[in-house]
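Asks: Each protein sequence line maps, in turn, to chains A and B. For the first sequence, UniProt numbering assigns the number 273 to the last residue and increments by one with no breaks. For the second sequence, UniProt numbering assigns the number 235 to the last residue and increments by one with no breaks.
Bear in mind the hints are in silico, worked out from the structure with no lab data behind them. Everything numeric in this text was worked out from a predicted model, so none of it was measured. Any given hint could turn out to be false.
To be verified - When the alpha-carbon atoms are kept at most 27 Å apart in a straight line, the in silico DSSO-like pairs for lysine-lysine are as follows:
no., chain 1, residue 1, chain 2, residue 2
1, B, K206, B, K165
2, A, K123, B, K196
3, A, K180, A, K219
4, B, K218, B, K206
5, B, K218, A, K221
6, B, K206, A, K219
7, B, K102, A, K68
8, A, K123, B, K89
9, A, K221, B, K102
10, A, K123, B, K206
11, B, K159, B, K196
12, A, K219, A, K123
Stated by the list, open to error - Some chain B residues flagged as far from chain A (calculated, every beta-carbon gap over 10 Å):
no., residue
13, T11
14, S14
15, N42
16, K51
17, L67
18, M68
19, G143
20, T179
21, E183
22, E200
23, S205
24, N207
25, E226
Claimed, not checked - Restraint-style ranges between C-beta atoms, simulated for each label pair:
no., chain 1, residue 1, chain 2, residue 2, range
26, B, K92, A, G241, 31 to 37 Å
27, A, L230, B, T108, 41 to 47 Å
28, B, D228, A, S124, 41 to 47 Å
29, B, T12, A, H132, 44 to 50 Å
C-beta: ideal position from N, C-alpha, C; glycine also.
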Amino acid sequence: MEKARVDLPPKGGFSFDLCRRNEMLTKKGLQLPGFRKTGTTIVGLIFEDGVILGADTRATEGPIVADKNCEKIHYMAPNIYCCGAGTAADTEAVTDMVSSQLQLHRYATRRESRVITALTLLKSHLFSYQGHVSAALVLGGVDITGPHLHTVYPHGSTDTLPFATMGSGSLAAMAVFESKYKEGLTREDGIQLVGEAICSGIFNDLGSGSNVDVCVITKGKTDYLRNHQLPNPRTYISSRGYSFDRGHTEVLSTKITPLKLKAEVVENDAMEE
Amino acid sequence: MGDSQYSFSLTTFSPSGKLVQIEHALMAVGSGQTSLGIKAANGVVIATEKKLPSILVDEASVQKIQLMTPNIGVVYSGMGPDSRVLVRKSRKQAQQYYRLYKETIPVTQLVRETATVMQEFTQSGGVRPFGVSLLIAGFDDSGPQLYQVDPSGSYFSWKASAMGKNVSNAKTFLEKRYTEDMELDDAVHTALLTLKEGFEGQISSKNIEIGLISTDRKFRVLTPAEIDDYLAEVE
Chain A
1 MEKARVDLPP KGGFSFDLCR RNEMLTKKGL QLPGFRKTGT TIVGLIFEDG VILGADTRAT
61 EGPIVADKNC EKIHYMAPNI YCCGAGTAAD TEAVTDMVSS QLQLHRYATR RESRVITALT
121 LLKSHLFSYQ GHVSAALVLG GVDITGPHLH TVYPHGSTDT LPFATMGSGS LAAMAVFESK
181 YKEGLTREDG IQLVGEAICS GIFNDLGSGS NVDVCVITKG KTDYLRNHQL PNPRTYISSR
241 GYSFDRGHTE VLSTKITPLK LKAEVVENDA MEE
Chain B
1 MGDSQYSFSL TTFSPSGKLV QIEHALMAVG SGQTSLGIKA ANGVVIATEK KLPSILVDEA
61 SVQKIQLMTP NIGVVYSGMG PDSRVLVRKS RKQAQQYYRL YKETIPVTQL VRETATVMQE
121 FTQSGGVRPF GVSLLIAGFD DSGPQLYQVD PSGSYFSWKA SAMGKNVSNA KTFLEKRYTE
181 DMELDDAVHT ALLTLKEGFE GQISSKNIEI GLISTDRKFR VLTPAEIDDY LAEVE
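For reference, chain B alone in the conformation it holds in the complex (with noise of 0.2 Å):
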């Protein structure tokens, strides 16, 4: 990684004992758009705001909820072409684990490998460190699992979260919210309650994105006809 001209690493210790880039890095996510997660009993759900910089973007083209693998599927807050290099990689990863070991990877091995490489971008010569927060939300035989995954490469399973802008309110709301035995259905009504909170403007089906895994063990992002079906029910 880095050419032999830069192959001391740019992110150093500050006398204080902290890694002044890597808080950095947590600054690009907390200004980037608000996405959440929430576990629900039965699945897991994310949604995230889909704030275009024109009305002249073609919103169909751009998809901010990815999925790792049939049952993984991953949200960013900061910097979006930093989280496509993750995603490749991640996927590429879990490829690799089923060729290795003929099973589908579990949700903690794709979440470790994952944080492994953000943790190597800030060890490396001449890289800097990843501007995104991920959350990555998963289906496999432990059941439903939700986890974070900061710039420093450290990773904590949440029960429901929030990145981004509004990530304060958010949280709050959530932890007033959030109950144990939350059925799916409910989870995705929460979110997007949540989202409305510090949403600015009118909330619809073109500027959020939600997706969303059950028991089926399929990852799969709604559409916004399925989108404005929930909303409804909000409202």
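Here chain A stands alone, though its shape is the one from the complex (with noise of 0.2 Å):
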């Protein structure tokens, strides 16, 4: 019997079977859609007892702030959290991911999951795209080899660093990194430090805002500070009301069209009793 070629699944990674058709129609002008970023500013750093990872809340739409207060601190396990930069679908995506694969490893290993772990599932996944998948994370937790923080860019390249930022606020945040972090912060140090450069960030990047967000790890426990500091409240319209007084909008142009009255008369038939 002869056996038919096998169709064999998919293995995942960037498809190139659309590439050429792609060149070919932008070329003739088509504009391809465009996707929501972060413009972001996350930042992450190693301090005495752990790692503390802060970022902005503002996610935006070219121009346009779509997300106020968005979540940029995303859960991997209990003991690793990481900070994403990018286009938000795809750190959303790819975290979510991860994290599911980290909580099917667990209970095949029955331990802790350990970073280093989360790290390569990450840049394997990543690479395999090509830099397609455009997500720029800051990886950061501790397990049993101790405090860990890493840089994963969209291609897929790793750094493990004591101190680390990303997104387009980056560098107002590592301004501040770099001119006031020492070894063995402690934890309010750490905290302060971290809000600072959110904070630069916030102020000095426009694709930064809004809130500050702030996870700190240690041994046994982790604190998600959502809006640690919040340094652009927002003024509300008054509850008073307005008043628009004649003259304080500009008449440009006047068409009275009067409502003719149309009365019909109708013949009745006298009213039975």
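Relying on the hints, combine the two individually framed chains into one complex.
Replies: Next up, the structure:
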């Protein structure tokens, strides 16, 4: 019996099938749809007891603020969190996927997840998509081997650092870190420094704004301080209402159309008793 | 499933309308170590014998009761390796459910998916049915639940059930002892007494395993020290 050609299941990774057709379309003038970017400031640093991650909360769609208070610090494992910059959908999807894989791995091994495991899963996935998954991440956590902090770039390269920043506000935040970071910071000093770095990004970068989220990870305990600082409080519309007097608005033109009264006289039968 | 030369199912009907392979799978379950489960008013407990083939086996490395999700646990009777495969598939399905719906999988859904897998293996090419019956214990928004899934893929919700070698004695014992408003601690005591009924040799924390889940919705396997405490209460 002749064996028919077996269709292998897709192995994942970027599929180059449509590249030639896409190139042809862009040459003809087609504009590819844009994505919502997080235009972000995300930071991480290692302090005496563990790792502190920080992020701003503005999500932009070009020049418009799409979400004034989004969550950029994603859960990976009880002891590992990941900040995401780049395309919001990509960072969400990739962190959810790796978080799921880590959970399965924890069941199989009956051990706490290691940061290096999360790192390797992320970088292999991003590399196989050749940079098309636009996710720039700051991954931090504390495991059995100690505290770790890494940055992951969209093409799949990684760095291991004592302090790191990513996103459009990374230069503003890095300026703060470079001048004030030292080894063995205490928890209060660490949170203070992270807050300062994110605020630097919020005030000096258009793509970052709104509030500061902080996540402190130590051995055995994680504190997710959502909206730790709110340096941009919203001033709400006056509850007394507004008065719009005549003369406040300039009249450009006037057109008056009288409504004609239309009355119909109908011959009625006399009303019955 | 199965390579092209075995695209026909190995499980075929007998003239009387039975699937003999499934009957045989149930025999494999029936000769496995006894396990049982009891649903209490505020939780579920599952327990099993853990008789190892020799005293040289490192008993701390063997764990028969496994977690499928933080709030669902499972125990089996029958072939251990078959249960490992099922537990692995179920864990993956639970994760996929979460990624799709962003909701932790309800117990009934997980049971249904596991049962579907077991049924598929009775109707696919080149594979045999699983030689295990599973007792799935969980606690979700619908409260505490206990399900038994058989090699055929059929599943039932039970208030209390037993499987394996000592099934008939155990079930009779449970029928007499079970009450609707049992608390979880009473259920653990009852489970221990039921296991003791048909136990060959001396029961101890080294040759049984107990897993339970209560209103905190976290399934956990008891440590040998905790089992010793419960055994002392039962004596």
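Asks: If a hint holds in the structure, say so; if it does not, say that too.
Replies: Checked hints:
no.: 1; hint: B:K206 to B:K165; result: holds, 19 Å
no.: 2; hint: A:K123 to B:K196; result: violated, 52 Å
no.: 3; hint: A:K180 to A:K219; result: holds, 25 Å
no.: 4; hint: B:K218 to B:K206; result: holds, 23 Å
no.: 5; hint: B:K218 to A:K221; result: holds, 18 Å
no.: 6; hint: B:K206 to A:K219; result: violated, 32 Å
no.: 7; hint: B:K102 to A:K68; result: holds, 23 Å
no.: 8; hint: A:K123 to B:K89; result: holds, 25 Å
no.: 9; hint: A:K221 to B:K102; result: holds, 24 Å
no.: 10; hint: A:K123 to B:K206; result: violated, 43 Å
no.: 11; hint: B:K159 to B:K196; result: holds, 20 Å
no.: 12; hint: A:K219 to A:K123; result: holds, 25 Å
no.: 13; hint: T11; result: holds, 22 Å
no.: 14; hint: S14; result: holds, 28 Å
no.: 15; hint: N42; result: holds, 26 Å
no.: 16; hint: K51; result: holds, 22 Å
no.: 17; hint: L67; result: violated, 6 Å
no.: 18; hint: M68; result: violated, 8 Å
no.: 19; hint: G143; result: holds, 24 Å
no.: 20; hint: T179; result: holds, 34 Å
no.: 21; hint: E183; result: holds, 29 Å
no.: 22; hint: E200; result: holds, 30 Å
no.: 23; hint: S205; result: holds, 19 Å
no.: 24; hint: N207; result: holds, 21 Å
no.: 25; hint: E226; result: holds, 18 Å
no.: 26; hint: B:K92 to A:G241: 31 to 37 Å; result: violated, 58 Å
no.: 27; hint: A:L230 to B:T108: 41 to 47 Å; result: holds, 43 Å
no.: 28; hint: B:D228 to A:S124: 41 to 47 Å; result: holds, 46 Å
no.: 29; hint: B:T12 to A:H132: 44 to 50 Å; result: holds, 49 Å
In summary, the numbered hints that this structure violates are 2, 6, 10, 17, 18, 26.
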